[in-house]
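Visitor: One line per chain: the protein sequences are P and S, in this order.
Per my numbering, the first sequence starts with residue 376, numbered consecutively.
Per my numbering, the second sequence starts with residue 376, numbered consecutively.
To be clear, the hints were calculated from the coordinates, so they are not data collected in a lab.
All C-beta atoms in this analysis are idealised placements derived from N, C-alpha and C, irrespective of residue type, glycine included.
It is possible that some hints are incorrect.
Claimed, not checked - Have a look at the derived ranges for each label pair, beta carbon to beta carbon: (1) P/Q675 x S/V588: 18 to 24 Å; (2) S/P428 x P/A557: 30 to 36 Å; (3) S/N528 x P/A436: 54 to 60 Å; (4) S/V588 x P/S657: 29 to 35 Å; (5) S/G462 x P/F393: 30 to 36 Å; (6) S/E669 x P/D664: 26 to 32 Å; (7) S/P392 x P/G570: 26 to 32 Å; (8) S/A665 x P/K534: 35 to 41 Å; (9) P/P485 x S/K672: 53 to 59 Å; (10) S/K483 x P/E630: 55 to 61 Å; (11) S/M376 x P/K671: 30 to 36 Å; (12) S/A538 x P/A436: 51 to 57 Å; (13) P/E479 x S/A665: 53 to 59 Å.
What the hints assert, rightly or not - Calculated lysine-lysine pairs in the DSBU-like style (CA-CA distance at most 35 Å, straight line): (14) S/K461 x P/K633; (15) S/K671 x P/K671; (16) P/K433 x P/K653.
There are 2 protein chains.
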Amino acid sequence: MSLLVNGSIGIDTVKTPFGVSENCLGGSAIYFSMAASFFAPVRFTGVVGNDCPFDLAKTFAGRNVDLAGLEVRKESKTFRWSGSYKGSMNEATTEAVELNVLAEEPPKVPAAYKDSQFVFLANTNPAIQQQILQQIDEPVFTAVDTMNYWIENNLNDLKALLAKIDCLIINEDEARMLANEANLICAADAILDMGVEVIVIKKGESGSIVSAVSGERFALPAWPSVEVKDPTGAGDCFAGAMLGYLASVNQADFESLKTAVAYGTVAASFSISDFSLKGIGSASREMLDARLQELKKLTQF
Amino acid sequence: MSLLVNGSIGIDTVKTPFGVSENCLGGSAIYFSMAASFFAPVRFTGVVGNDCPFDLAKTFAGRNVDLAGLEVRKESKTFRWSGSYKGSMNEATTEAVELNVLAEEPPKVPAAYKDSQFVFLANTNPAIQQQILQQIDEPVFTAVDTMNYWIENNLNDLKALLAKIDCLIINEDEARMLANEANLICAADAILDMGVEVIVIKKGESGSIVSAVSGERFALPAWPSVEVKDPTGAGDCFAGAMLGYLASVNQADFESLKTAVAYGTVAASFSISDFSLKGIGSASREMLDARLQELKKLTQF
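Sequences are here, hints too, so could you generate the full structure?
Guide: So, in structure tokens, the structure goes:
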């Protein structure tokens, strides 16, 4: 039930109709770990520069997150991202991005992490995702995120990666772009043909749909949130709760995936309710469990 | 359990990436009645001109649709609509429209229909919808569709209508426009404040969400259709199966509404699978029931 994540640690500035959050802690590995640690211990890997103002040990205090895989590079600078959201806030507009350490070598996976069974590789260059994956001995279930930039600019490495992993977790526009197919269900099937066992397509306020090579499908609406302040990190919280749950039950069959995606939906709903980590940070496993039951009620007929 | 519909009968020309269907039978009352009649007898009201090339008695042969409310106006011309769909086909582009009889007086509701208990008023000028509604004695459950044009151009009449009906069934863009609110859940709540008991928001390939003044909510993904040839009439088939089911159980409590919306989802999925009425026309109650069970399985965790 060991769970490893590789992803970014970011200094984020986010502007939404509800306010501005400047130079706050963000990044895929951070959001993922916050959500995943409600379910299972997390082995964290990621890199920051010498300028990182955040004490991650403090961020994750009391949470089951092992920071042995956190590298601090004295000569480097931390990843920075500025973005804004408008209207229904389904999509971020990137205002500025400084890759900094993310443009360098990926972190070294600590020897003690090499036996990790569940692995999440957050969005980055698929060539780097492959380098991380090669450092894990025999993962049981590997899930990967990517984005339009890599579909457009490094499709070969992405396709090579897809042939080696179990699950791709992407948003609907990315799925349509990757498959070159407007119908989202057909797009999912085309991506399954690229070699993954399962594809999870995230649709923001419209929920998610899961398709497997077995032919099984699962679809879930989003939680009906009346308070959406900052969607940043929602996708990583979704993946975190999903992988965290799978690691906790030590299974990745389709029935377990359904519950995992439902927990992902619930974790995302807490994340978007406030700026930066405040939403997911103020949740608890009990709150996630209670909302999971409400989600069940919301969709049952 | 009597069910009355008022809506359009159209001569449609539709172009999608999968082909063209010229001068075929369409219109909201037609699609609605096809879907509703799987569940309950339908009392049909609508008007055509002298040029109508369709034999509606033949269209509805073997289906439980009473055409006593069909008016043929010798001096008038039938409603015509031409539209096209592109990409993921979630939205129609109107290429041409000739209102013709729809710009005239609404049909007279036959005396034998005045005791109708379930009523669906398809999209038209809300002033006309009110005129129809006034001809019904004591409806138990009234549902209404509208569109952006009336929200922009006849909001007063629309708001007066909303205060008199039970249920509004509209798409997500219309809901946001009517409520002047980007968050769809907040938009639903704002529309409930306008006087309806229930609002059903249709999201095309992303399913639907139902909100009630009681505070209850229900959300359902769309059926995962790999074959979408022509979305025309999907919303009216949705409403048809929904109202038809409610009329068949003679109830409109929230639990019944859930099943009704699920049947609506299923009817819409058959409608979009082929051009014009071919999709919903080739379905059967058994096929709807079977897909309802599959929809249940698709969403359960």
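Visitor: Each of the hints needs a verdict: does it hold here or not?
Guide: Consistency of the hints with the structure:
no. : hint                        : verdict
1   : P/Q675 x S/V588: 18 to 24 Å : holds, 21 Å
2   : S/P428 x P/A557: 30 to 36 Å : holds, 33 Å
3   : S/N528 x P/A436: 54 to 60 Å : holds, 58 Å
4   : S/V588 x P/S657: 29 to 35 Å : holds, 30 Å
5   : S/G462 x P/F393: 30 to 36 Å : holds, 31 Å
6   : S/E669 x P/D664: 26 to 32 Å : holds, 28 Å
7   : S/P392 x P/G570: 26 to 32 Å : holds, 28 Å
8   : S/A665 x P/K534: 35 to 41 Å : holds, 37 Å
9   : P/P485 x S/K672: 53 to 59 Å : violated, 42 Å
10  : S/K483 x P/E630: 55 to 61 Å : holds, 56 Å
11  : S/M376 x P/K671: 30 to 36 Å : holds, 31 Å
12  : S/A538 x P/A436: 51 to 57 Å : holds, 54 Å
13  : P/E479 x S/A665: 53 to 59 Å : holds, 56 Å
14  : S/K461 x P/K633             : holds, 32 Å
15  : S/K671 x P/K671             : holds, 12 Å
16  : P/K433 x P/K653             : holds, 14 Å
The structure shown violates just one earlier hint, number 9.
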